[in-house]
Amino acid sequence: MKLTGRVWRFGDDVNTDLIAPGIYMKSPLEELAAHCLETVDASFAASVKADDIIVAGKNFGMGSSREQAVQVLKHLGVAAVIATSFGGIFYRNAFNWGLPAIVSAETDGIAMNNRIEVDLAGGTITNLDSGQSVQSDAIPEHLMGLIDAGGLVPYLEKMLNN
Amino acid sequence: MQQTIAQKIIAKAAGADSVSAGEIVTCAVDLAMIHDSGGPRRVKPILERLGVGVWDASKIVLISDHYAPCTDAESAAILKLTREWAAEQNILNFYDQQGICHVVMPERGHLGPGMFAVGGDSHSPTGGAFGAFMFGIGATDMAGVLATGETWIRVPGTIRITWSGSFGPGVAAKDMALKMCATLGMDGGDYQAIEYGGDTIAGLPMMERMTLANMAAELGAQTGIVEPDETTASYVRAAGADPGDWQAWRSDAGADYLASHEFNAAALEPQVATPHSPANARDVGDVDRDDIDQFYIGACTGAKLNDLEMAASVLKGNQVAPGKRFTVAPASSRILAEATRNGTMQILMDAGANFLPTGCGACAGYGVGTLAEDEVCLASTARNFQGRMGANTSRVYLASPYTVAASAVTGVITDPRELLGTAV
Chain A
102 MKLTGRVWRF GDDVNTDLIA PGIYMKSPLE ELAAHCLETV DASFAASVKA DDIIVAGKNF
162 GMGSSREQAV QVLKHLGVAA VIATSFGGIF YRNAFNWGLP AIVSAETDGI AMNNRIEVDL
222 AGGTITNLDS GQSVQSDAIP EHLMGLIDAG GLVPYLEKML NN
Chain B
4 MQQTIAQKII AKAAGADSVS AGEIVTCAVD LAMIHDSGGP RRVKPILERL GVGVWDASKI
64 VLISDHYAPC TDAESAAILK LTREWAAEQN ILNFYDQQGI CHVVMPERGH LGPGMFAVGG
124 DSHSPTGGAF GAFMFGIGAT DMAGVLATGE TWIRVPGTIR ITWSGSFGPG VAAKDMALKM
184 CATLGMDGGD YQAIEYGGDT IAGLPMMERM TLANMAAELG AQTGIVEPDE TTASYVRAAG
244 ADPGDWQAWR SDAGADYLAS HEFNAAALEP QVATPHSPAN ARDVGDVDRD DIDQFYIGAC
304 TGAKLNDLEM AASVLKGNQV APGKRFTVAP ASSRILAEAT RNGTMQILMD AGANFLPTGC
364 GACAGYGVGT LAEDEVCLAS TARNFQGRMG ANTSRVYLAS PYTVAASAVT GVITDPRELL
424 GTAV
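These protein sequence lines are chains A and B, in that order. Residue numbering for the first sequence follows the numbering used here, starting at 102 and increasing by one per position. Residue numbering for the second sequence follows the numbering used here, starting at 4 and increasing by one per position.
I should point out that these hints are in silico values taken from the structure, not numbers from a laboratory. Heads up, some of the hints might be wrong.
As the list claims (entries may be wrong) - Partner residues aside, some chain A positions facing chain B, computed with beta carbon under 8 Å: (1) Arg107; (2) Thr140; (3) Glu168.
Unchecked claim - DMTMM-like mimics (lysine to aspartate or glutamate), calculated; alpha carbons at most 20 Å apart, straight line: (4) Lys150(A) - Asp238(A); (5) Lys259(A) - Glu51(B); (6) Lys159(A) - Asp193(B); (7) Lys103(A) - Glu258(A); (8) Lys47(B) - Glu258(A); (9) Lys159(A) - Glu131(A); (10) Lys327(B) - Asp293(B); (11) Lys11(B) - Glu26(B); (12) Lys103(A) - Asp220(A); (13) Lys327(B) - Asp377(B); (14) Lys175(A) - Asp209(A); (15) Lys259(A) - Asp293(B).
Only a predicted model underlies this, so the values are computations on that prediction, with no experimental measurement involved. The beta carbon of each residue, even a glycine, is placed where N, CA and C say it ideally should be.
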């Protein structure tokens, strides 16, 4: 599976409370999503487009277990998140919602608004603007299974029906 | 093969003799805890879509704490749905507005050594204080557990953290936790299992151990386990549960640790974490005496009985500074009852505290006690991420209940030892 999209660049330690602010957690998903990352980049929620890809530093999604942090990114059209490392609960939540969370420490050459191509199976990330390719860590096989199924719920649906 | 406590618990849950770090295994879940925010309102539609009920109602604990008590029609609807789902699924272990999940669970006898437990909340590692392997998961993961009674886990490596020596007056487990955040960073735990040991921790009461295990979350660990001992077993028995063969849950000599870190409690100073990260912690003497609007004793991390007692020990005979608000949200109804019986609440009231109902309160910005634009708070909670407690421009400092209380008296960030009359 290959994804192609425009890059949103973020730094280290982008936490769940920035992605899905607590004061909007009882609101409908659309409203929560409108405030996604507003503290970091006020333009993000309004400007992010379908297929865009987030490239971030270490510990992306650290903090709360709220999976709305994954859901709002999906809702806004984000196709994948690439980071040096992830908060452990966010990482699980991402695959449970069919959002690829890709670990790569070699993304220094990728800048805001670059167009990149991500080969999920092969692990290659190609910067289509510079032509440079880097490698990501392989996605564990059982997590690829969740991506292929479209998330944990469809996966369980299939499992329980068999 | 020599195993750590974490590996032993996972192996038991996976039905294996032993497990290796990095291996992915499927585990049977002994206990699943859910709350009103990530629980029924999120899992109900998934279970309905899957066409199943919960796998074993007796192994589920449901606690309403995030939106408790409700503040508007939306939060009232969330709590109503929570109650209706509890009745529908016959969840008998349902504690409605009785306190914060991580505190209510052990005090009602639901946790003990050797358990493999999941919680629908990131501070679920608190269960590690009782010698359980407990970790936080999201709502969809939880729906999977509720449907099947199982979950997958990548067996973590174990990071050993040893504390030696005794800390002085005015210093607490919260200072240990903040010191570890500053030293190791918020990814120092690397989603591995932390194992806390050493004579300092062996000497801590359960509620202080809970603070350490709780903030394994801020270290980025999957869980934080304290070796169970007689202190653990006594607490579990007093809560009406059976600690079982607790002596079995200790790491083998020669077990493989990913890393080992050693800390000296005798050298520990009260810590203050500046906005917006627990990893910004430093000695209170190295932090500017910033002006604070709201002083908050609350949350699973910082409003247990001993936390309230710490605050009271500083506030006895003192008054909250004029124009300042000192807000207390006891972590459970039982704690509130005991703190009332033993005089702690009276001291806090006499000092000028105001009180919120028991629950998660202002900590995560879900309900009452949140912050306005540009307001500054000093809190005994675990997290000070930007905007977490309210407006995006508000700022939160973290400290122990001693330091929060002492600062409430002066109105600015203050070393509690100045008020406790001990040498600094």
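Checked hints:
1. About 26 Å separates the beta-carbon of Arg107(A) from the nearest beta-carbon of chain B, more than 8 Å, and the hint is not met.
2. Interface restraint check for Thr140(A): the shortest CB-CB distance to chain B comes to about 5 Å, inside 8 Å, so the restraint holds.
3. Annotation: Glu168(A) was flagged as interfacial toward chain B, and the flag holds, the nearest CB pair being 3 Å apart, inside 8 Å.
4. Simply put, Lys150(A) and Asp238(A) have alpha-carbon atoms about 26 Å apart, too far for the 20 Å limit, and the pair is violated.
5. Among the hinted pairs, Lys259(A) with Glu51(B) is consistent with the structure: their alpha-carbon atoms are about 14 Å apart, no more than 20 Å.
6. A threshold of 20 Å between alpha carbons decides the hint, and for Lys159(A) with Asp193(B) the separation of about 11 Å falls inside it, so the pair holds.
7. Our distance criterion of 20 Å between C-alpha atoms is broken by Lys103(A) and Glu258(A), whose separation comes to about 25 Å.
8. Between Lys47(B) and Glu258(A) the CA atoms are separated by roughly 15 Å; this keeps the pair inside 20 Å, and the hint holds.
9. Between Lys159(A) and Glu131(A), the direct Cα distance comes to roughly 27 Å. Violation of the 20 Å bound is thereby established for this hinted pair.
10. Among the hinted pairs, Lys327(B) with Asp293(B) is consistent with the structure: their alpha-carbon atoms are about 13 Å apart, no more than 20 Å.
11. In summary, the hint linking Lys11(B) to Glu26(B) is supported, as the alpha carbons are separated by about 14 Å, within the 20 Å threshold.
12. Taking the CA atoms of Lys103(A) and Asp220(A), the gap is about 4 Å. The hint holds against a cut of 20 Å.
13. Proposed proximity of Lys327(B) and Asp377(B) is supported: the alpha carbons are some 15 Å apart, at most 20 Å.
14. Annotation: proposed proximity of Lys175(A) to Asp209(A) is violated, straight-line Cα distance about 24 Å (limit 20 Å).
15. Taken as a hint, the Lys259(A) and Asp293(B) pair is broken in the structure, with Cα atoms around 57 Å apart against an allowance of 20 Å.
Checked against the numbered hints given earlier, this structure breaks hints 1, 4, 7, 9, 14 and 15; the rest are met.
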